Amino acid sequence: MGLERTEAVVPIIDLARIYRSLRLIRRAEEEVARIYPSDKIKSPVHLSIGQEAIAVGVCDALRPEDVVSPTYRGHAAYLAKGGSLKLMMAELYGKVTGVAGGKGGSMHLIEMGHNVLGASAVVGTTIPVALGYALALKRAREPRVVAVFFGDGATEEGVFSESLNFAALQKLPVVFVCENNFYAIHTPIPKRWATQRLCERVATYGIPTHHIDDGDPLKIRDVVADAAARMRGGDGGPVFIECRTYRWREHVGPNEDFDAGYRRRADLEPWLAGDQVEIIGRRLPPGERAAIDAAIERELAEAVDFAETSPFPQREALYTHVYAGK
Amino acid sequence: MSMPESNQRLLTYVDALREAVAQEMRLDPRVFVFGLDVDDHKAIQGSTRGLLDEFGPERVFGTPLSEDAMTGVAIGAAMAGMRPIHVHIRMDFLMLAMNQLVNIAAKSHYMYDGQVRVPLVVRSMIGKSWGQGAQHSQGLHAMFMHVPGLKVVAPSNAHDAKGCMIAAIRDDNPVIFVEHRLLYSTDALVPEEAFEVPFGKARITMPGKDITIVGISNMMMECLRAHELLAEQGIEAEVIDPISLMPLDIDTIRKSAGRTGRLLVVDNAWTSCGASAEIIAGVAEALDGGRPIHMRRMGYAPTTCPTTPVLEDAFYPNAATIAGAAHAMVRPDKTWQPDPERAKLAYQVKFRGPF
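The listed protein sequences derive, respectively, from chains A and B. Take the first sequence: its position 65, counting from 1, is numbered 65 in our numbering, and each next residue is one higher. Take the second sequence: its position 262, counting from 1, is numbered 262 in our numbering, and each next residue is one higher.
These aren't lab readings, by the way, just hints derived from the structure by calculation. One thing to keep in mind: the hints can contain errors.
[As the list claims (entries may be wrong)] These stretches of chain A come out as covered by chain B in the derived footprint (C-beta under 8 Å, 3 or more residues):
{"hint": "1", "stretch": "135-146"}
{"hint": "2", "stretch": "159-166"}
{"hint": "3", "stretch": "230-237"}
All values derive from a computational prediction rather than experimental measurement. C-beta: ideal position from N, C-alpha, C; glycine also.
Hey, can you work out the whole structure from these sequences and the hints?
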């Protein structure tokens, strides 16, 4: 069994790093959900709870100089790539100390210092932007790769197909990561796709595809690591990974929405049982896990305190950065 | 810095565009040119001719049509530090790039709090005549003027085409570069060396005291001919070329209109919510209780552009209709219409398709 083999070879230090990232994202978003009813968070939040393992698996295979392009459901990719929790929390609060000075909010996270490209609220829009970034890296002969995240809904946008073609044509160093959580807001895939053969569709562009059903971050990491090694600084070209996953909370906001009628709570049960935060956490020595958990709680408390005590921007800030100076 | 006369020579608009891009590409390795057909034998009516040979296929390359994705690619490359020039052979096709231009290019510097810049030039050509019709003729610059974060320039002559192109390439913001197909063959004195025509500075092309006429893009040519026709009637029109539409030098126009008491704005576009409406509004707001100014807009007929010449002629303002409108504003008590034959512009008469 692949899983047993993987368990046997993954060093504890890797598991600890991956667990720390998974747990940090889970707890950060639980904290966002806890704070949300207070109305202190001035931003619509699209929580990744349940989907963390994809971003963590992908980013664990990347180097600091590699680039990620997150979506508006982007807390996970942002944090997994090393984006600052403090600056993210302050951004959600609309504070001047936020990562975008309070002008972007949850849907427009960015941290170029960690090579996190800006997220967009318009589905699919960031896919070609990530390609452009990759084109620049390739032209500069830099051995860096770009991982671009998007959901199942984005694959229905015309720009997705245009981007697949161009990335394959130019052999761009791009990892396409589809987080397939089965819903575009509230509309399920059977109402949107004529067939579910997404990987087959992508493969016709000449792009190698991978399909990962269980959200195992170690499998995702290995696929990305192989692909990245093949494309760094060369002509390996793009790769496409469809990762099935499940959104535990509502599309936007802090709550569950299984009472809304568009999906059943029973659909969630297998994903709860397969929760990667728990699965990876259980593989750590209990003492080590407890120490990681405690450190995350401290980090989280500091981030919330930083957000709460930071000032709002001055009104004059409305007019800064409309145009870039020369 | 003034240019020595000896460095200037007659150059066509299309050659001025090409020269500007080539000079900047020699100077700055970050500049590249891409878009459908930029590297083919027709070279975008000649405006990209020779670039492939000189700079190679990594810096000059054709693309799939994919205007949406290609615009995103340009934006991403710009964020990574390159300076792309994305070429569209008709402005109408920019509608396919609208999401990227409006939602990403215009907003990234702002919504990401200055962490990225988008130094991008979007070249787009407006067509006219020889049956260009509904979807090869639209001047859609006002749509882009509406959105903060974009700059919009519409040079009307070869000199400004070169200077604006160099300024656009060096600008750290997305610039929508509005070209007009019928201007490509027109020539002007253009300095040999690289120079910038700064954005946000209008030019008084012809001084006059009786009426201020603002001409945008190709309409500048019609306004200059109208100026001659009006002069024969003893009317001195002051003709202003805004050159850049965003930023817009409303002060130069306002002061001129304040002197003449009359303002006629002629756009190569529809008037509704257009550049002409914006200019009139800007001048009206600045009146502030002062002397009233008689104002009027001219532009496309409020219809779709037809292909048959008889209807197409009626669709556009021309030197005769502009001169007639200006005359009516200056001398409302006298009726006068210029001879349409004398209003024809030489470069339009000799123009032949396909395009």
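Here's how the hints hold up against the structure:
1. 135-146: holds (count 4)
2. 159-166: holds (count 5)
3. 230-237: violated (count 0)
Violated hint: 3 only; the structure is consistent with all others.
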